[in-house]
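*Asks:* What follows is each chain in one-letter form.
Number of protein chains: 4
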Amino acid sequence: MIFGSDNWSGAAPEISEALMRHSTGLAVAYGDSDLDKSIENRFNEVFETDCAVFFVGTGTAANSLAIAATMKPGGVVFCHNEAHVAASEGSAPEFLSGGGRLALVGGNHCKIDPELLDKTAGEYPQEFNHLGQATMVTMTQATEAGTVYSLDEISALSEIAKKYKIPLHMDGARFANALVKLGCTPAEMTWKRGVDMVSFGATKNGCWCAEALVVFNRDLLSHFQFIRKRSGHLFSKTRFISAQLEAYLEDDLWLKLARHSNAMGAELEKTLRSSNHVRPAWPSDSNQVFFIADKTKAQKWLDKGARFHPFPTPKGMETDITENEQVYRLVASFVTQQNDIDALSEIINS
Amino acid sequence: MIFGSDNWSGAAPEISEALMRHSTGLAVAYGDSDLDKSIENRFNEVFETDCAVFFVGTGTAANSLAIAATMKPGGVVFCHNEAHVAASEGSAPEFLSGGGRLALVGGNHCKIDPELLDKTAGEYPQEFNHLGQATMVTMTQATEAGTVYSLDEISALSEIAKKYKIPLHMDGARFANALVKLGCTPAEMTWKRGVDMVSFGATKNGCWCAEALVVFNRDLLSHFQFIRKRSGHLFSKTRFISAQLEAYLEDDLWLKLARHSNAMGAELEKTLRSSNHVRPAWPSDSNQVFFIADKTKAQKWLDKGARFHPFPTPKGMETDITENEQVYRLVASFVTQQNDIDALSEIINS
Amino acid sequence: MIFGSDNWSGAAPEISEALMRHSTGLAVAYGDSDLDKSIENRFNEVFETDCAVFFVGTGTAANSLAIAATMKPGGVVFCHNEAHVAASEGSAPEFLSGGGRLALVGGNHCKIDPELLDKTAGEYPQEFNHLGQATMVTMTQATEAGTVYSLDEISALSEIAKKYKIPLHMDGARFANALVKLGCTPAEMTWKRGVDMVSFGATKNGCWCAEALVVFNRDLLSHFQFIRKRSGHLFSKTRFISAQLEAYLEDDLWLKLARHSNAMGAELEKTLRSSNHVRPAWPSDSNQVFFIADKTKAQKWLDKGARFHPFPTPKGMETDITENEQVYRLVASFVTQQNDIDALSEIINS
Amino acid sequence: MIFGSDNWSGAAPEISEALMRHSTGLAVAYGDSDLDKSIENRFNEVFETDCAVFFVGTGTAANSLAIAATMKPGGVVFCHNEAHVAASEGSAPEFLSGGGRLALVGGNHCKIDPELLDKTAGEYPQEFNHLGQATMVTMTQATEAGTVYSLDEISALSEIAKKYKIPLHMDGARFANALVKLGCTPAEMTWKRGVDMVSFGATKNGCWCAEALVVFNRDLLSHFQFIRKRSGHLFSKTRFISAQLEAYLEDDLWLKLARHSNAMGAELEKTLRSSNHVRPAWPSDSNQVFFIADKTKAQKWLDKGARFHPFPTPKGMETDITENEQVYRLVASFVTQQNDIDALSEIINS
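Residue numbers (this note's numbering), protein chains in the order written: chain R, 1 to 350; chain D, 1001 to 1350; chain Z, 2001 to 2350; chain C, 3001 to 3350.
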């Protein structure tokens, strides 16, 4: 009955075994080992295109350094007002980009509204230095609200990015969860729909610590080696990331893990919807489930050992919940089992 | 015969096993798990004092964030002109500290000369904004030249730091190698000699990716949680660092590994000194060995499969080597074996 | 009929004369001349309290460096979403503060709504590094919408700043215009109401280039000398700012100039309200006047030589104006004369 | 007998008169007025080529923003170890360039030694992210030591800059003093010798506050408008700079002022050389004169009202001066008169 976050899990056994397997022997450091190169190539296969791949250790690093790499002086990045970059990364996007700005765009359930994006981006005329210059759109797939952009919704954002001649970045901290939900290929969910780069997250879905910034247009990140190094994000023993990703991508492990956590998310949602003690906040598309509950009741459940977190009330939902209520987030992961859900159900409904 | 760097090694088996052992189950993320807390306490025991411990993933992050955490506007950090922060961290100290400056201080074989430090620090009068204000001294133990500061040499630097009312930081990327060389305790090599904080490196000595910033005066880094987060260096599954450090510190594994690599360094040095084809650059105190060789010969050895790197000629040694010669660095690690040294010897002497 | 901005004016004759008067002779540079010191003392008299005074050249520098001086890692500054720092300073607050973030707060007519401020500031719990830490509230007096906070409205904001233990900064680019509107003393409009520091703007009100950051609690800006210098904002011949401010503050010149521009603003408003071709956007308290007009008509007036600018539709007013309409800003300055207003009136009403 | 610095002077009468002349009337702000444009064109004439001109308020801003505009991630700027950017700008080059690094290069009397520059720049191989990437060479003309690079010496540096494919910047805080010394045209001292951009300083030579960044290759600074704005260095009433420069460049005022201060420098040097109480440090080419004197004697002269400053002992001169001696700098300016020199002479020789 622990649903605090999918990053409360450890690592899948295959991941630890890969680390054990690659722990012996000597290999060139700083990303130039044979293993590192082979995993980079593996990404080319997975995404069915030539792409540059940069390993980093945290999703915040992947997102912030992507923003840094495309930043311009007085630059402005467009994101949803509840996006991870805006709400959970401690101003790393601003700091690591040397003072860039996030311009927040609304939209239901953490999805950027294309019309609002167009309107907001339109407020930054080229060459007008008093306000700033547009540099990037970043979207999250799956979103912080557990929702998943459809392929057409991705296209809608990429068209606006193109209109303003700025790249479209996808924060894929839960890339696999979105992918199995849509049932498409990585290529279909990204560059075929106009996405220019992806923070490909593997940590939340079974790795210890493995994120990859995948860039479909190599020119975009020409200085990235320096950007990563000067922020302390170049590991010496990069093998430890490559080894994890080797196991992660082998035999579709990543998709299996994501299917499991999504299925557990769906079970969790079904169970909660059947209870009279909570009410759904909005439908989930992935492994994150959101419910509204009475604060006093929720505290009791927490006291009994359940683990989940309050979630800030999204803009536009202020009137949907009373003062005694709160939106809560519950996250299933690759280790969640039916009996965790049953135990939670018993606590809630007893 | 691979002596490229100690970070070309993978991980000690005990480290990978600890990762396997802690991979199951759920635990609070972002450094608040029981394991994280227990390892922080373990550091208090190891250093025999109350200290704050912050895990990060790279030595560059540990050093640069220590510099950032004590930075002031117009701040200047004093370091050796061949220190890792100055020569190998891609301007991360400057970038992550928001534009701080490194003031380079000379000294033989990568050890800061106390008199030169005093002279240099004295050039920054308080309140004189045109030049900048002194904020920190950072020393490397063991140094990039394989030498190790004696306890009295550490005291000499800390006295000058105290004179200018700035903290003394120790870059301990090879902390264990220095420690077993001196045969003292961690406390004796640090706070008992006036060191205020340490980048405690474990990666080069058997971990995959585990560094800890250890601070003896908690007030010094009051905002560190925010500094680490805003630079993308807070891991979600911090357990993966804690697990490594658990094994690292257990049963003196770290000291055993360091003793091994130092012993291999000594063997390597002995072997090289007995050869007519190279000549020693300076005596080594640890696992890094430096020799001068003819460039053409060295290239032949590399062509035969040996792995080692040229090292920039230290200031003051320009006249000691001819134009056809070069200083080379060879590094032993916890995986180095006598037969590696023998193989190298055969290549060099054949 | 030029109402583009109050910074389209040059300098009052008294200002230029002061520059001429102080142009001869030699004086210590970088703020340490007798004249510099005497003007700093003059500010102590004007504000009836001990205060630190730092001269800079632009309002953007004054605001951004105030933000920088109180910034913390992961820091967040609260301001109105249409504030100058957010809408017209090209991300200087973020850049000069090393990556700080502005959190935008709503409120009618550019005044921060105290309840919304309380709610927003409350979203940043202390020690929660994922979102950031509150560092400052900055308000604009007079606002970008020409409105003026009443003394009680200032108190309301300072109480919330105190609640969150953060300083309250006042962007006083049009300080004098607000002051003469309220008819109170500088002390009454600032520290007596809990304001901790002021960007005291003189440029828009008759100087060439003279801004002063006035701080009532000297501890707040202990490193400011370094912060100003490292951003290139310390002038060598600071006399040229002091000389301007000497004339500005002498014989209440600054209040006379502000009274004139406010009176011209009132005349302008009266004239526009009497026209059938425009409609008022909201009532003005100072020298900036806002009207809604048909875009096609407005273009005709511009073609005839009138000068004024469109103003972004404030949040909450979207439904008040039709698609063919636009909010326009007209600014009176110390050089505006009745015949300018008459000429504009003729263009609009002909 | 005030020789503290050339920035202790106020403004030439022609400068103040120009400010008075342009103080009336209204003009577009932020650099778009007719006067601003005409002065930019005037620079094209002065430099006999198409160039972009950006006005700023301080030499530190001009230098630092030039460095910022050409900065790359992990970027390194080469300058003399006693250059103004390294010794007197409070880390503004690092801060305003977002954490760039200065690599110090030696050379006698503040002139960069071309061989040392070549050697130092050669230590930064392209694509090697551990050390950083070369981004610019910046030289000072006239230097901080009062010396002036000959045209061939400028060519020597520009050839090395070209070799490493990085721009050559000239810090021209005392551009006019160097120019009249060499007796050549602005074009001959800059782009005809491979200089890519110039910080054209007018403040020290008779203006209140007027510096211009002049760029011969417009592509180099494509984002400069944003870089200047985001650092708070875009003035609203840019007319106040343009007006100064109008007078400065009219009828060769700038050359006349520089000839005067150089002539006074030569007189000062002659007078000092004739004294038994001081000895020359090195020959001066411009308005800055350097002498070695006994510290006790110097203090007496200062007590009698003379004004000059100690100068840090240049590298390589440590053995030339005894412990009781000190190098002192004396600066003549456009307001220095023969009787100032006579008064100093009397103090020294009495």
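Hints in this document: simulated from the structure, not taken from any laboratory. The C-beta atom is built at its ideal place from N, Cα and C for all residues, glycine as well. Do not take every clue at face value.
Said to hold, decoys possible - If you want a taste of the chain D side facing chain Z, the calculated C-beta under 8 Å gives, among others: (1) Lys1072; (2) Gly1074; (3) Gly1098; (4) Gly1099; (5) Ala1103; (6) Gln1126; (7) Glu1127; (8) His1130; (9) His1223; (10) Phe1226; (11) Ile1227; (12) Lys1229; (13) Arg1273.
Said to hold, decoys possible - Simulated pairs of lysine-lysine, BS3-like, Cα-Cα distance not exceeding 30 Å: (14) R:Lys163 with Z:Lys2315; (15) C:Lys3315 with D:Lys1072; (16) R:Lys315 with Z:Lys2037; (17) D:Lys1163 with C:Lys3072; (18) D:Lys1162 with Z:Lys2315; (19) Z:Lys2037 with C:Lys3072; (20) D:Lys1297 with C:Lys3315; (21) Z:Lys2119 with R:Lys297; (22) C:Lys3119 with D:Lys1119; (23) D:Lys1315 with C:Lys3300; (24) C:Lys3162 with D:Lys1165; (25) R:Lys37 with D:Lys1304; (26) D:Lys1300 with D:Lys1256; (27) C:Lys3072 with D:Lys1304; (28) C:Lys3163 with R:Lys165; (29) D:Lys1165 with Z:Lys2165; (30) R:Lys119 with Z:Lys2162; (31) D:Lys1072 with Z:Lys2315; (32) C:Lys3295 with D:Lys1163; (33) R:Lys165 with Z:Lys2315; (34) D:Lys1072 with Z:Lys2295; (35) D:Lys1037 with R:Lys304; (36) Z:Lys2162 with R:Lys295; (37) R:Lys162 with Z:Lys2315; (38) Z:Lys2270 with D:Lys1072; (39) C:Lys3295 with D:Lys1162; (40) C:Lys3163 with C:Lys3315.
*Asks:* Now tell me if each hint is right for this structure.
*Replies:* Here's how the hints hold up against the structure:
Taking 8 Å as the C-beta contact cut-off toward chain Z, the hint placing Lys1072 (chain D) at the interface holds, the least distance being around 6 Å. A least Cβ separation of about 4 Å between Gly1074 (chain D) and chain Z falls short of the 8 Å threshold, and the interface hint therefore holds. With a cut of 8 Å, the hint placing Gly1098 (chain D) at the interface with chain Z holds, because the nearest CB-to-CB distance is about 4 Å. At about 7 Å, the closest approach between the beta carbon of Gly1099 (chain D) and any beta carbon in chain Z falls short of 8 Å, and the interface hint on this residue holds.
For the restraint placing Ala1103 (chain D) at the interface with chain Z, the shortest Cβ-Cβ distance is roughly 15 Å, beyond the 8 Å limit, so the hint is violated. The interface hint given for Gln1126 (chain D) is violated, since its Cβ lies 11 Å from the closest Cβ of chain Z, which is over the 8 Å cut-off. For Glu1127 (chain D), the interface hint holds, since its Cβ comes within 8 Å of a Cβ in chain Z; the closest pair sits about 7 Å apart. For His1130 (chain D), the interface hint holds, the least distance from its beta-carbon to any beta-carbon of chain Z being 7 Å, beneath 8 Å.
Satisfaction of the interface hint for His1223 (chain D) is found here, the shortest Cβ-Cβ separation to chain Z being roughly 5 Å, below the 8 Å cut-off. With its C-beta approaching chain Z no nearer than about 4 Å, Phe1226 (chain D) sits inside the 8 Å limit, and its interface hint holds. With a cut of 8 Å, the hint placing Ile1227 (chain D) at the interface with chain Z holds, because the nearest CB-to-CB distance is about 4 Å. At its closest, the beta carbon of Lys1229 (chain D) sits 4 Å from a beta carbon of chain Z; the interface hint therefore holds under the 8 Å criterion.
Among the interface hints, the one on Arg1273 (chain D) is violated; its C-beta lies about 49 Å from the nearest C-beta in chain Z, farther than the 8 Å criterion. This hinted pair checks out: Lys163 (chain R) and Lys2315 (chain Z) have alpha carbons roughly 25 Å apart, not beyond 30 Å. Of the supplied pair hints, the one linking Lys3315 (chain C) and Lys1072 (chain D) holds, its CA atoms being roughly 28 Å apart against a limit of 30 Å. Straight-line distance between C-alpha atoms of Lys315 (chain R) and Lys2037 (chain Z) comes to about 51 Å, which puts the hinted pair past the 30 Å bound.
Using a Cα cut-off of 30 Å, the hinted pair Lys1163 (chain D) and Lys3072 (chain C) is violated, with the two alpha carbons roughly 37 Å apart. For the given pair, Lys1162 (chain D) sits about 55 Å from Lys2315 (chain Z) by alpha-carbon distance, which is inconsistent with the 30 Å threshold. For the hint pairing Lys2037 (chain Z) with Lys3072 (chain C), the CA-to-CA distance comes to about 41 Å; that exceeds 30 Å, so the pair is violated. Note on Lys1297 (chain D) and Lys3315 (chain C): the hinted pairing is violated, with a Cα-Cα distance of about 37 Å set against a maximum of 30 Å.
In summary, the hint linking Lys2119 (chain Z) to Lys297 (chain R) is supported, as the alpha carbons are separated by about 24 Å, within the 30 Å threshold. The suggested pairing of Lys3119 (chain C) with Lys1119 (chain D) holds, with an alpha-carbon distance near 27 Å, which does not exceed 30 Å. Between Lys1315 (chain D) and Lys3300 (chain C) the CA atoms are separated by roughly 41 Å; this puts the pair beyond 30 Å, and the hint is violated. With a CA separation close to 44 Å, the supplied pair Lys3162 (chain C) and Lys1165 (chain D) exceeds the 30 Å bound.
Using a Cα cut-off of 30 Å, the hinted pair Lys37 (chain R) and Lys1304 (chain D) holds, with the two alpha carbons roughly 23 Å apart. For the suggested pair Lys1300 (chain D) and Lys1256 (chain D), the alpha carbons sit about 34 Å apart, so the restraint of at most 30 Å is broken. Only pairs whose Cα atoms come within 30 Å are accepted, and Lys3072 (chain C) paired with Lys1304 (chain D) is rejected, the gap being roughly 38 Å. The suggested pairing of Lys3163 (chain C) with Lys165 (chain R) is violated, with an alpha-carbon distance near 34 Å, which exceeds 30 Å.
For the suggested pair Lys1165 (chain D) and Lys2165 (chain Z), the alpha carbons sit about 29 Å apart, so the restraint of at most 30 Å is met. As the CA atoms of Lys119 (chain R) and Lys2162 (chain Z) are separated by approximately 36 Å, the hinted pair breaks the 30 Å bound. With a CA separation close to 39 Å, the supplied pair Lys1072 (chain D) and Lys2315 (chain Z) exceeds the 30 Å bound. Only pairs whose Cα atoms come within 30 Å are accepted, and Lys3295 (chain C) paired with Lys1163 (chain D) is accepted, the gap being roughly 25 Å.
With a C-alpha separation of about 27 Å, the suggested pair Lys165 (chain R) and Lys2315 (chain Z) falls inside the 30 Å cut-off, and the hint holds. With a C-alpha separation of about 51 Å, the suggested pair Lys1072 (chain D) and Lys2295 (chain Z) falls outside the 30 Å cut-off, and the hint is violated. Taken as a hint, the Lys1037 (chain D) and Lys304 (chain R) pair is honoured in the structure, with Cα atoms around 23 Å apart against an allowance of 30 Å. A threshold of 30 Å between alpha carbons decides the hint, and for Lys2162 (chain Z) with Lys295 (chain R) the separation of about 29 Å falls inside it, so the pair holds.
Between Lys162 (chain R) and Lys2315 (chain Z) the alpha-carbon distance is near 27 Å, which keeps this suggested pair within the 30 Å criterion. Pair hint Lys2270 (chain Z) plus Lys1072 (chain D) does not hold up; C-alpha atoms about 52 Å apart against a cutoff of 30 Å. A C-alpha spacing of about 29 Å is found between Lys3295 (chain C) and Lys1162 (chain D), which places the hinted pair at or below 30 Å, so the restraint holds. As the CA atoms of Lys3163 (chain C) and Lys3315 (chain C) are separated by approximately 27 Å, the hinted pair is consistent with the 30 Å bound.
Violated hints, listed in ascending order, are 5, 6, 13, 16, 17, 18, 19, 20, 23, 24, 26, 27, 28, 30, 31, 34, 38; each of the other numbered hints is respected by the structure.
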